[in-house]
Structures are given as C-alpha cells and as structure tokens.
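Novice: Those protein sequence lines, which keep their order, are chains U and G.
Per my numbering, the first sequence starts with residue 3, numbered consecutively.
Per my numbering, the second sequence starts with residue 733, numbered consecutively.
Source of the hints: derived by calculation from the structure; they are not laboratory data.
Incorrect hints may appear among the rest.
[As the list claims (entries may be wrong)] Calculated pairs, SDA-like style, for lysine to any residue (alpha carbon to alpha carbon, straight line, at most 20 Å): (1) G/K741 x U/E368; (2) G/K815 x U/G362; (3) G/K815 x U/E368; (4) G/K746 x U/Y253; (5) G/K746 x U/K169; (6) G/K784 x U/P369; (7) G/K815 x U/G307; (8) U/K169 x U/G362; (9) G/K746 x U/E254.
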Amino acid sequence: MKKKIKAVAATGNLSTGFREDTLVRAVEGADFLGCDAGSTDSGPYYLGSGRARGPRAATKRNLRLMLREALKAGIPMIVGSAGHAGGRPHLAWTVEIVRELATENGWHFTLASIDSEVEREVVLEAFRRGEISPLRPAPQLTEQTIRTAERFVAMMGIEPIQAALRKGAQVIIAGRCSDVAIYAALPVLEGIPACVAFHAGKILECGAASAEQRQYPDCMVAELEQGGFKVEPPNPAFRCTPQSVAAHALYETADPYHLVESGGALDTTQAEYSRVNDRAVWVTGSRFIPAAKHTVRMEGATLAGYRSVVVAGIRDPLVLRQLDPFLATLRTVVEQKIADSLGLAPDAYTLQFRIYGRDGVMGAFEPAPRVEGHEVGLVIDVVADTQELAADILPLVWHTGLHHPVAEHQGLISNFAFPFSPPGMNAGPVYRFCVNHVWELKDPCEPFRTKIEAI
Amino acid sequence: MPELWEFTKLVRSKNAGPFELTFDIMFKDREGFDKVVNSGTISEEAIARLYKVERAQMRYFLIPELLTVKVSIPRGAFSGDVKDTDVYGGQFHGPLLRLPIE
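With these hints in hand, go ahead and build the complete structure from the sequences.
Specialist: In structure tokens form, the structure reads like this:
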C-alpha cells in the first residue's frame, strides 16, 4: 500500500485540452493520469446518433501528449466516457485514435477498452425482472420505449477500471463512466479510503475548474492520503483557495452535499477545506456511505424525428405588436395547407415558432413573455418523421408566413427577413433522452465487457 | 432600488444532468448575502413563483459558508428534446439578475 497517491487530471474534457508544459510538470512523480471525455451536457444527439463529439484533431493532440507522458513515466492513463457519449461507436472512435498514435510513434503498451453499451435485449430482460427503477425526474420507461431506443449505455463505477488495472492495463479507454470513478478507481485499489478518493475525484473531474480564475482549460493535481487530500493546480498561473475548491462542489450538481455513485454516496456535509499555502487546499471530513445494493445509472436515447429550420427576422412594428394573433392565424392557415398538400394532420409533425426577443431562450419558464424590442428573431422549427417530410413542410410554413396579411397593410407584404438563401436548413435527426434510471446489479462489472490487448 | 446582481459575484444556471436545472447565486460578501436572503427576494417561495415550479419539486440550499444560495428544479423539456430551448441550461438565470432588493 502506498502512503500517498498523486492523481493528475489532464483537463476537464478530453477535447478541450491543456497546456503541454503544465501536463509535463503535473505528471512528474504522479501515480496515474486521468481524463474525462464525455458528458450528457451537449444533449442526446451523440448517444443517439453514435457520432463522437470531436474535434478529432484536438482529441488526437491531447491523447498524444497524455500517452507520451504516461508511457514515459510508466503510469496508467485512464480515459472515461470515450467519444463523449461512451457508447460502442464512441469507444471505437477513441481506440482508433489511440492505435493510430501508437503506430505513428512506435509506442507499445497493454490497452484495455471497456465497452459500456448495453444491448436492447439485455435492458429489456433487466426491466422485466424489475431491476431498473426511475430516478426523479424520469421519462416513462416501457417495453415499447426500450424496443424503439437507438442506444443504451450503463455508467460504470470504479470496479471495471480496477479490474483492468489488476490485469496490467497501462492505457484504459472506458465507455460511459462516472467522471469521479476515473479518479477514484486507482486510489481505492491502493488503499485510499473511498471518502477521500471519491471527493478528490469530484474535484479533479473538471480539471482546472476548481481553481480561482480558470483562464483556460488545463490540468489539476490532487495528492491523496488516508485522512484527506491536497489539491493544487500544476499551472503556476492558477491557484486554488478553500472557497474555490468548496464552490466547485456546486457546479452541475443538483445537490451540493450528496453525490450518488455506483457503489454508494459521497456526503460532503462535514467536509472542511483549509489553506495549505497560496495555491493549495487541504480537503478532509467527507464521508462515503456504501450502498446496500450496487446500481449503475442508465442512459438511453431514442429518435424523435428529423428537423428543418428557418431563421426569419421581423422588423415591422405593426406585425410585432400583433405577433401572437399573427402567428396563431398563420398556424391555422399552414396546418390546412399541409393537410391539403401533404396529407398530414397537425399531430403528425411538430411545428414550433421560437421567438427570440420574447421567450425563445426560456420558453415556458420566461416570466416576461412580451416583445419589447424593435425586432424579433423568429426560428420556425419543424420536426417530422423523415427529413424529406420536414423539408417539405418547412417551405409551406415560411412562404405562407412571408406573405401572411395584417389588417394595417393593404396589399401584398413580405414579413420575414431571411438571412440565408435557401432560407431553410435541414438539421438532421433529433434525439431524446429516454432513460433516467438506475439498474440494480449483483456484480458491478456485469454489464461491461473489457478487451485487453497488447499494442 | 438596488438589483440582485449588485450583490453577487456569480449567478448562473446550468444543467444538473439532462433532466434538471440548477441555479447558483454566489455573493460577494456576508453583508450582501444576509441582506438579500433576509429580504425574501430569492426565498424558496419567491423562486418557485418566478419559475412557476411547485415547491415540492424544488431543492433549495442556503450555504452560508460559501455565501451561496443554490436551487435545483426539474427542466420543462429534457435537454436537447424537441421542445427544449437551451441544451446546456446556461441561460435560465436571466430573470434573477435584475430582481429588486428592498
């Protein structure tokens, strides 16, 4: 058992990067290098479509430097939530970059890739056995929604990563993975208490974000011991304060004191953050409450349709002062046209008028849904079952709207300023998150398949 | 009358996962934190009313050691869904900033 574990987070998200000199400095004397590559933050598109969120060149640059430093130091490198959504195609995309880099640089290592995509049939069986239960709030999950979903992933905890480390993996590319588990897996394996390891993981997973003023994305370092951990930015231009580290616990979490992980929950109610020096903070006092049963969070995305959009500016004050009735009568007219020409009832597609300058940003949450400026940006948004249908519906809407009458103008008017020709764009498939559930497991490694190979 | 932003160093909204939004209201100093909290302007009731959310669905945290008020609410539409307006949830805090503080 090691007395201290030095953990390095390369950055908060693999695609955003870090400074090369910071990474070199950070890795000195480190026990492992980690990086989170994913999130649900950019919406369901990546999980649903199977596309990775690049850019590929930036991801490759960052992986090249991380691999170089980790291999030179002889320490494990752990990447979680590969390719952003952490599904099978996202994992393959990332592993391909790693292979390319190994070939280009003549590197050799033991690679573990951990697949966290879960087959529909497996989800269905678990659902029927009652092992899948909703979190709040959650979309309703039925056998039908499971059958029609595009892709499911399970979010791994520390155990599959630890299993790969035990098998001698030097480079671990994990599919969907708890951000915290990337950083907690090795320390817990080395005998660091879970409360220290998980809390340090929570601070590390956003890279330099726990520094006081993060001017740009960069690395972060934590030194974990039995009684707590020290967090210190390796970039001399950054500093951590007790306030900045404690405040980071708020970011993107609904509850700042309780972090639910696969094998238990981190409770930071009693955590203490104290100043080590101008740039470093000592953290202690959190608790880890092991769960009675192992659960993993499930994520899934389903196809909701295909989108076509048009941006239309309105500057006419006579139109703007009656925008609601204008759009209401326009909707009635176009619904009829769509029914006549395409044979589609209004419930066969979704037509939205997104009104920037009124409530385009906040929708139903907007407390002041009024037009107060001299112009409005109208986004006409059509979602239909196929791209062809959406593309057919859209011009019926915008062309009708362009000349839709208002009483104050006698004669043909053109209400919309289109910045583009053609005015409309096809925006491709639209997905929706269809699961916010946990899956109860006997073995926390069960849904994950690890492939170990010599590169 | 002074407005909320004059007392804060950071007011933000953000996704807390694809199904919830969370608001962090962080104050410059103890005096401002106390004044605003005591005014009731950003009380649990006031925020529930402003965002038309049931109080039972809301999580509300007063964190005096960080001079912070944190509120989490369910999203109207899930992130990136057909009717969502803000995939990252980063622009729902706007109406808070100019709340008058008595």
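Novice: Against each hint, give a clear statement of whether it holds in the structure.
Specialist: Evaluation of the provided hints:
1. G/K741 x U/E368: Violated, because 23 Å separates the two Cα atoms, which is more than 20 Å.
2. G/K815 x U/G362: holds (11 Å)
3. G/K815 x U/E368: Holds, at about 14 Å.
4. G/K746 x U/Y253: Measuring from Cα to Cα gives roughly 8 Å; hence the hint holds.
5. G/K746 x U/K169: violated (39 Å)
6. G/K784 x U/P369: Within the cut-off at roughly 9 Å; holds.
7. G/K815 x U/G307: holds (12 Å)
8. U/K169 x U/G362: Not OK: U/K169 and U/G362 at ~52 Å, beyond 20 Å, violated.
9. G/K746 x U/E254: holds (6 Å)
In summary, the structure is inconsistent with hints 1, 5 and 8 from the numbered list given earlier, while agreeing with the others.
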